[in-house]
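**Student:** Sequence:
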Amino acid sequence: MRKVLSQNPPVTVTLSIAAGFTGRVLVEMENSEVEAQFPLNRREYFGTLSAFLDLARVAGWQVIPPAQV
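For the working numbering, count along the sequence shown from 1 and bump the result up by 58.
To be clear, the hints were calculated from the coordinates, so they are not data collected in a lab.
Predicted, not measured: the structure shown is a model, and the values here were computed from it.
We put the CB at the ideal spot given by N, CA and C, even for glycine.
Take these hints with a grain of salt, some might be off.
Simulated restraints, written as ranges between beta carbons of each label pair [said to hold, decoys possible]:
hint	residue 1	residue 2	range
1	Ser64	Ile122	16 to 26 Å
2	Ala125	Asn66	40 to 50 Å
3	Leu113	Gly81	38 to 48 Å
4	Asn66	Ile122	38 to 48 Å
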């Protein structure tokens, strides 16, 4: 069961994507209205800078702040 994040009534969103589309879509909203939508291809990911740096470390990269170089 999914955790309920809000007690507000749900908002219906209409996406402008190609017929037969399968994948992920990043949706930007403001005041319950769609401002923009970005279909992501299989090689695109969305995350924070912190998450990206963590992935780099896991992959074996050394992440060093500029002041320490």
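**Student:** Tell me, which hint numbers fail for this structure?
**Tutor:** 1, 3
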